[in-house]
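*Asks:* Required output: the full structure, derived from the provided sequences and hints.
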Amino acid sequence: MIARKGFETWFETWFETWAVIVGSLLAGAAYTWFAGEDINWDWRNYHEYGAFALINERFNQDVAPGGFQTFLNPLAYVPAYLLRHHVGAPFWGLILGAIHGLNLALIYWFSRVVLGSVASGWTLAASVVIAAFGPMTLSEVGTSFADVLTALPVVAGLGLILSMNGQRPTRYAVAGLLIGAAVGLKLTNMIFFIGAGASLLFAARPLAALAYFAVGGAIGALGTGGAWSWMLWQEFGNPVFPFYNTVFHSPEAPEEAIADLRFMPHGLWDAAAYPFYWLVGNHRSSEWAFRDPRFAILFVVLAANAGASLLFRIRIFTRRDLQFLLFFLVAYGMWLFAFSIHRYAVVLELLAAPLIVLLISRSLRALKRVSSRTDRQRWIDYSAIAAALAIALWSQPADWFRRPWSDPYRPLVSGSFLKPATYLLIEKPVGYVVPLLSPGSRAYQIADLLLPIAPGGSLDHRIRAGLADPLPGGVWAMHLRGSPPRQDLLDDYGLRFDTSQPCETIQGANEVDIEACPLVVTDPLRR
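The sequence shown lines up with residues 612 to 1138 when you count with our numbering.
Please keep in mind that the hints were generated in silico from the structure rather than gathered at the bench. Incorrect hints may appear among the rest.
[Stated by the list, open to error] Keeping only pairs whose Cα atoms sit at most 16 Å apart, straight-line, the calculated EDC-like set for lysine to aspartate or glutamate is:
id, residue 1, residue 2
1, Lys1039, Asp1124
2, Lys1039, Asp932
3, Lys1039, Asp1059
4, Lys1030, Glu1115
Owing to the predicted nature of the structure, the values given are computational and were not obtained by experimental measurement.
*Replies:* Listed below in C-alpha cells is the structure:
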C-alpha cells in the first residue's frame, strides 16, 4: 500500500512537471505563430550579422556593419540565426518561440519554491498567467532578442538560491554559473547577478554562499563571454569595446561614455512614478507603446505589507521572502538608474508574477486570527486569480515589427550582388543583408554616429586597404532606398556616386528596400 501510494505520488509529480513543460513550449510556439515572423530593428542592424560573422569568421574581414553594436557578444544570437537559416518558415520561429516559452515552466517551478505552503493549483496558475502576459516578454517571444533567452538561466539560478535552505552550498556555485553565463552573453544582465549576490546576505551562511556564487559566476561569464572579451582586448585593448572607453582608452573609439539616455528618469519623483506611467500606457521606457499594471500593483501591495508590519508589529516576511525582495529591489533600482530600457527588465517582468502572488498571500496572513487555514487559502486563491485576470486583461505588449508567416522574408538576390564586391554602408540598419551578398564581399560601416571610424586607426586602415585591393564586383554605397545620398561620408575615401550606372536593389524585410549604388574614384590619393 505504501509503495503504491509512493508510486502514485511520483507519477502525479512526473505528469504535472511534463504537462507544464509541454504546455509552456506550446504556448511560446502558438504565440509566435499568431504574432508573425520577427524582423525587429536590431535583427536588421546587428543580430543577423553578428551570428553570421561569428560562424563565418567575418569580423576581421568587415568593419562594423551593425555599427557599435557589432562588438556585442554575438553568441546569444546564434540560435535564432541557425534556426532561421536551416529550418523552413514558420517552423524556425515556432521552435524559437517554444524555447522562449520555457520561461513559463521555470516561473511555475519558481513559484512553487517561493510560495511554499500557500502554493496551490490556483496560486500557481495565477503566477503563470501574470508571467505569460508580460508586455515586453510577449514582444520578444519568437524573436532574435537575447533578453528573453537569457532570462532562462537567470530565473533558474535565482530559483536555486531561494530553494537552498542552507543545505548543499555548492548549489550556490551552480546558481552563479547560470547567472554568470547570462552576464557573459549579455552584459546588461549584470544587474541580476548583483541582485542575486545581494540576496545572499540573508543566506544561512552568507560569506560561504557569496564565495561559491562568485566562483560559479566567474566560470559562467568566462565560459560564454571570455573568448569574445579576449578577442576585443587583443584587437582594441578594451575587453568590452567600445564601452567604458574612458577606462580602457582604445584609440579606435571616442573617450566618452556610450549610453542610451533617452529613457532615464528625471529625478527621484519621476523614477518613483515609472510603474504608474506603465499602468496608463505611458511608454517612456521603450520606443514602442505598451501597457503594464504589474509593477504598480506590486509596489502598492508591497507598501501595504510594509505598512501593516510596522503598524501592527507583526512579522510578515520569511527569510526567503526577504531574499527574493532584496534581489528584486536591488536589480530594479540598478535597472532604473543604469538603463531604464524596458527590454532589459524582462527578468523582472517575469519574476514580478510570483512576487505579486507572494505579496498577496502575505498581506492576507492577518486572517489567520479570525479564519481557518482553509478559508485563508481560499481568500489567497481568489485574490491571486483576480489579480492575474486584471493584469492579463489590461496588459498590452509592445511591437518590434513582424511580418505574416504567409509572406516570410525570402529575398531574391541577383545582378551585381552575385559578384564579390566592396560595400560602404552609409546608413543603419542594413547589416542583415550582408549574409545575402556574394561570399568574399566586404562590408564597411562608415555612418555610425557613436562609433565613427578613427582616422589612421586599424579599422580605417582595413577600409583603405580593402579599397586599394578592388574586388571583381567593384565598390558600392549601400543605404535604405529613398534616403538622401551621403556624399560627405564618401569624400574621405576619394569616392563619389557613379550616376552613369543604375543602382541595385535587395528587397527589405520591412517594406523598405536596400539600395546599393556604384561608386567611382575621384581622388586616388585619399584611398
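*Asks:* Look at each hint and say if it fits the structure.
*Replies:* Hint by hint, here is what the structure shows:
Distance restraint check for Lys1039 and Asp1124: the Cα-Cα separation of roughly 12 Å lies within the 16 Å cut-off, and the hinted pair is therefore satisfied. With a CA separation close to 46 Å, the supplied pair Lys1039 and Asp932 exceeds the 16 Å bound. For the suggested pair Lys1039 and Asp1059, the alpha carbons sit about 8 Å apart, so the restraint of at most 16 Å is met. Taken as a hint, the Lys1030 and Glu1115 pair is honoured in the structure, with Cα atoms around 12 Å apart against an allowance of 16 Å.
The structure is inconsistent with hint 2 alone, although it conforms to all the rest.
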